[in-house]
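Colleague: Chains as they are written, first to last, in the numbering used here: chain A, 3 to 359; chain B, 3 to 359; chain C, 92 to 415; chain D, 92 to 415.
Please note that the accuracy of each hint is not assured.
[To be verified] Here are the simulated DSSO-like cross-link-like pairs (lysine-lysine), alpha carbons at most 30 Å apart as the crow flies:
1) K343/D - K411/C
2) K343/D - K370/D
3) K411/C - K343/C
4) K411/D - K343/D
5) K138/C - K411/D
6) K138/D - K411/C
7) K343/C - K370/C
8) K138/D - K343/C
9) K370/C - K411/C
10) K370/D - K343/C
11) K370/C - K370/D
12) K370/C - K138/D
13) K370/D - K411/D
Keep in mind that the hints were calculated from the coordinates and are not lab data.
Just so it is clear, the structure is predicted and the values come from calculations on it, not from any experiment.
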Amino acid sequence: MAQTLRVPGSHDLRRVIGDGEAIPDGEVEGLEERDLLELYRSMVLLRTYDERSVVFHRQGRIGTYAIFWNHEAMQAGSAYALEREDWIFPSYRESAIGLLRGMPVSTVLSWWRGHPAGWWNPLDYNVASICVPIGTHVPHAAGLAWGKKLRGESSCAVAYFGDGATSEGSFHEGANFAGVMRAPLILFCNNNQWAISTPLSAQTAAETLADKAVGYGIPGVRVDGCDVLAVFEATRDAVARARAGEGPTFIEAVSYRTAPHATADDPRAYIDLERVEEEKRRECLGRYEAYLRRAGVLSDELAESTRAEAAEALRSGIAAAEEEPPADVGLVFEHAYAAPPASFAAELAELRELLGE
Amino acid sequence: MAQTLRVPGSHDLRRVIGDGEAIPDGEVEGLEERDLLELYRSMVLLRTYDERSVVFHRQGRIGTYAIFWNHEAMQAGSAYALEREDWIFPSYRESAIGLLRGMPVSTVLSWWRGHPAGWWNPLDYNVASICVPIGTHVPHAAGLAWGKKLRGESSCAVAYFGDGATSEGSFHEGANFAGVMRAPLILFCNNNQWAISTPLSAQTAAETLADKAVGYGIPGVRVDGCDVLAVFEATRDAVARARAGEGPTFIEAVSYRTAPHATADDPRAYIDLERVEEEKRRECLGRYEAYLRRAGVLSDELAESTRAEAAEALRSGIAAAEEEPPADVGLVFEHAYAAPPASFAAELAELRELLGE
Amino acid sequence: MSELTLVEAINDAFHTELARDDSVLVMGEDVGRAGGVFRATAGLRDKFGAERCVDTPLAEAGILGAAVGLCMAGWRPVCEMQYDAFSYPCLDQLITHVGRYRWRTRGAMDFPLVVRMPYGGGVRAPELHDDSPEAYYAHTPGVKVAIPSTPADAKGLLAAAIRDPDPVIVLEPKLHYRTMRGDVPAGEHVVALGRARVARDGDDATIVAYGSMVPVAEAAAELLAEEAAVEVLDIRTLKPLDEEALLESVGKTGRAVIVQEAPRTAGYGAELAAILAEKAMLDLRAPVIRVTGYDVPYPYWQIEDAYMPSVERVVAAVRKTLEF
Amino acid sequence: MSELTLVEAINDAFHTELARDDSVLVMGEDVGRAGGVFRATAGLRDKFGAERCVDTPLAEAGILGAAVGLCMAGWRPVCEMQYDAFSYPCLDQLITHVGRYRWRTRGAMDFPLVVRMPYGGGVRAPELHDDSPEAYYAHTPGVKVAIPSTPADAKGLLAAAIRDPDPVIVLEPKLHYRTMRGDVPAGEHVVALGRARVARDGDDATIVAYGSMVPVAEAAAELLAEEAAVEVLDIRTLKPLDEEALLESVGKTGRAVIVQEAPRTAGYGAELAAILAEKAMLDLRAPVIRVTGYDVPYPYWQIEDAYMPSVERVVAAVRKTLEF
Ligand SMILES: Cc1ncc(C[n+]2csc(CCOP(=O)(O)OP(=O)(O)O)c2C)c(N)n1
Ligand SMILES: Cc1ncc(C[n+]2csc(CCOP(=O)(O)OP(=O)(O)O)c2C)c(N)n1
Ligand SMILES: [Mg+2]
Ligand SMILES: [Mg+2]
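One chain only, chain A, in its complex shape (with noise of 0.2 Å):
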């Protein structure tokens, strides 16, 4: 059962994971160890992923990317409450979330190379494409999760976005919407408390994101978003809120960005540094391995293994992405429409005889 954390001057965060400390641990109901070992197995997947990216950019192997570094515990968390027929749209902030539903990871490379065999087939994951621009997919979400209740489907749908997003007028109207459709809709946050360079102070005057909730008529729970058993509770209780048909429900899960925004980014000019190092040290990953070798659940080598696996699939990923044929160029013309018009085929036969193919 989850506890709850004062914060100073703050509201309530939930958690369950306590320091070893002062501060005991807690557990939640239902959770086997299985399931806590599968966490463990998404979040080190997706650190591992993270990690390895940020170097694959360095070696010119992808493309500008979006590090999530300290962000798995709320994605595993969150979308380990879910049946697999439940959507998930995802922002380029959990751009690799599909992996945690099988997709291969040569797929998310593949999207931060700008190679075609990245955009996948949402059907076959029940992923949504990765949202680029802030806040829109919200919309799209709640579409969704009430065209599903009309249909008389029990699936639900998470939206994730960050605390910058829900400035943004896509958020606030896709929010609405879906509470007076009482859509089955998990609104994830991401709080990690900076939108690139702008602080949550500079985004909200709002005490706490879980604020807004009210003002669409829905429960707004806030839980430590570096507390992966939390945040798995806070959904669990969310997808059952949706599918009793009792609409949707606002989660701000708290953490904080102790990473460069993207790779482009430069944070020294922003950032308390200091802040960030404090931070680190509490990043989610540790804190739920220390858990789970309290709990007596995790060994040395179980730990060994699990990262080794997670190392192996990046490593044999990224070949994979690699070995991709270059993309043709017929693809400009293609998926734009179901039928596309006439002239297409002209214009890719004069392109085509330019570059010489």
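Since the structure of chain A is already known, use the hints to place chains B, C and D with the ligands on it.
Modeller: Same frame as chain A, now just chains B, C and D with the ligands:
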């Protein structure tokens, strides 16, 4: 001092005017007889303007018109809490609010006549242009208020919008902006419970619209929108906060739209006519008049002369509007740019020739 | 076949298509209880239920964004934007998502949504009830754009839009909603997208128009009947354009006047003129002329007639090209 | 005069204009603390204070809407949209208010605001960091549109935009932000809006271009130097357009190739071609040719070069018109 009306199943509504029976009359500190009568004059002027406009429309003397019957208390009460240097950002529902700033009746009538004489210079009255697209003026008001504050001026701004407007992204972005900038802004929501044919229940799942304020980190208050004194008092408080540098306030003024949305609308398809009749019996001007009479402030003669004055203003107003010379077609090309492009002159010459001018 | 007004023809299309395919869903502001402010969706809520004719919150980007999600759940949503200028808040969703999502799934998913709206001026309305925004839509990749000019086409193009696997924007000439009547085929009636219509035959000059400018073009052609045989080409679908029909007509007449109500600069008429400059050069016996709205905010209604392309302006342009 | 990159020239313009006029205020996402994601606004917050270089909430419509209000309070706000495609949420404010508010006050109030944004492709970025949205802006009444192609013009056109009494949209070719260097006049430097620039002289054909397509046009002209003397006309201001310069160049050469990175249909190139079809008919010795992006979503970056108008495509088009 405002007392509080408990509306069953809802939040509290501030209320000053009693019902002459069980609920006693309150009073507003600092309001003298002179003020009470000035408020009365304003309401009568607005009421007369509105009722005559419906007739003018029927007579074909003005175009489509957005009726504001039973909204007079909200407009007069809030505007009276402002100083002349404070800015007003009206929607179409507050089209005549400029009258309270000395704008000629003929100007507003000209607007509804589609005649350029209806387009005023906002600087003359500190009243922005009538905003037709829902909610889009909220960011303007936020920007103006913030800009005034940046300049060290003490003026504030009021933006008027409806219940429906709270669903729009522009409302959200403007309100959030104002919160962050601690702009001296009053977000005045005319909750008449309908957006054309859409009832509040289909607009938002929030229990009250004032609930939205917390998401912007600003206070939200609810008043009885048919109680001019409660509206005045709530606005005066909000203005005081704004001038003290404490930022915006959201005021939800609850009333009921007892007339069609506009002259072109036929609400019989969607509205409960009994409820309308009931609300008409509680309409704001009658309630205030009764209050003034109970307080011994309003005599029959004064009421009569006030109404006669307003009627005369409308009589001469429509005459003046109708005396406006027909608009010159040259205006088509004017005012789009400070220095119009050369092509405009040629296009106008050609047009004049074709029109045989 | 029965005689219907233009808006009745639209309503007829809805009744037919919702009965035909139960994945079709109508949504927008006031489309349900009120049946739409122009009554285009009248009767649908009663007949098909509140879940298939949905009064939405007042939020255009939300409407279009939710429609994208509805497509993903297997629906075919038809969104109403209450007026032309009130569609602007949805441009973001349109450009960043509606036109791109099929592409994003590498063609694996269809986005069979429709956005329809009354458009155009001349109705003596307050500001921003008179815009002609078709160029914004036509410039956006991944969407199609249709504009009917007759009741029959209003029904047939809307039906085609609803059945199309891709997003289609339909702009309806509100000026003629209730004033134009015409024969409309009963039951299923589909006018294929991408086909222009010769509204009037002629050999001496072509007036190219669409939507509410077609009647203006026809009146001009009629006025000129003694002087010349003027062809009127109703483009009907702006995207994909029936380029063949355009080139054929202008190839035949050698003279082209393009009429558009929207402001001139970078309007859709420019695209038509550009195609002629690229592909009809040798056929053209006179410069192309555009008759358009001006590059100004749509004016107060007392002088809106001076803004709108008039029969007189079109006649003068045709004469100019004939006399060249 | 010093050699600066294009983005340094923009930064220079800011420093100069903010020092010159204390009613100028810069606002946008990440323009303050970070100095902009491309560092266009670097140093402004330190020099002029956080109140004149404001990090706003993440809300493009809010930014532009607030800027309208700031104008009413006497400010001259310069808004940054972080990328081209992220300007779409502000189109509603732009069309319904920014372009109309002066008119609404019957000319009594100025709205001297600027919206600037990096635009265009070729930078190997994720989706929606590559758009060329100029046609949406150019079609909108009441605003002006400028697109520089050199560091000097980037400074001068931005300064002109800031000083202009009307709203001006400035699109900056992000591809050349850091790779293009050029001499830039120090201190105050203003390039009047509405004046095209002959980037290269020639008598045989004209390539009309703007922004990031100007270097492509120049390279094409250079490649063709042995075959023909090709003029390159840099439009610089799309609205108001320097029609005279366009007609003069094409009047001289008789052949026109128009280059635009944006999707083809109803792009700004169509406007240029339409003007030629209307006013240069007798001068044209060959059909006009448009070389444009295609009518598709801007692609994944591995094949973006195939989408972007290339030197080869422009050369081929010029040859075609020369051989006509
Ligand atoms: C509509 C839009 N505006 C601007 C951007 C540029 N941008 C990319 S990420 C970002 C900050 C987002 O912050 P937040 O929502 O907190 O998410 P985080 O990146 O922290 O996960 C911005 C402004 C964008 N992608 N979309
Ligand atoms: C952006 C936009 N969308 C749609 C409309 C059409 N419209 C005019 S009034 C209205 C309802 C507004 O309701 P509300 O905000 O409650 O204000 P009220 O009319 O009740 O005062 C609608 C949908 C509009 N004017 N602007
Ligand atoms: Mg963030
Ligand atoms: Mg209302």
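Colleague: Take the hints in turn and mark each one as holding or not.
Modeller: Hints, verified against the model:
1. K343/D - K411/C: With a Cα-Cα distance of about 25 Å, the restraint between K343/D and K411/C holds, given a limit of 30 Å.
2. K343/D - K370/D: It holds: about 13 Å lies between the C-alpha atoms, which stays within 30 Å.
3. K411/C - K343/C: holds, 18 Å
4. K411/D - K343/D: The given pair, whose Cα atoms are some 18 Å apart, holds under the 30 Å limit.
5. K138/C - K411/D: violated, 60 Å
6. K138/D - K411/C: At roughly 60 Å apart (the allowed maximum being 30 Å), K411/C and K138/D break the hint.
7. K343/C - K370/C: Since the Cα atoms of K343/C and K370/C sit roughly 13 Å apart, the hinted pair holds (cutoff 30 Å).
8. K138/D - K343/C: violated, 66 Å
9. K370/C - K411/C: Given pair K370/C, K411/C holds - Cα atoms ~22 Å apart, limit 30 Å.
10. K370/D - K343/C: Holds, because 22 Å separates the two Cα atoms, which is no more than 30 Å.
11. K370/C - K370/D: Measuring from Cα to Cα gives roughly 17 Å; hence the hint holds.
12. K370/C - K138/D: Given that 30 Å is the threshold and the Cα spacing comes to 56 Å, the pair is violated.
13. K370/D - K411/D: At roughly 22 Å apart (the allowed maximum being 30 Å), K411/D and K370/D satisfy the hint.
Consistency note: the structure conflicts with the earlier hints numbered 5, 6, 8, 12.
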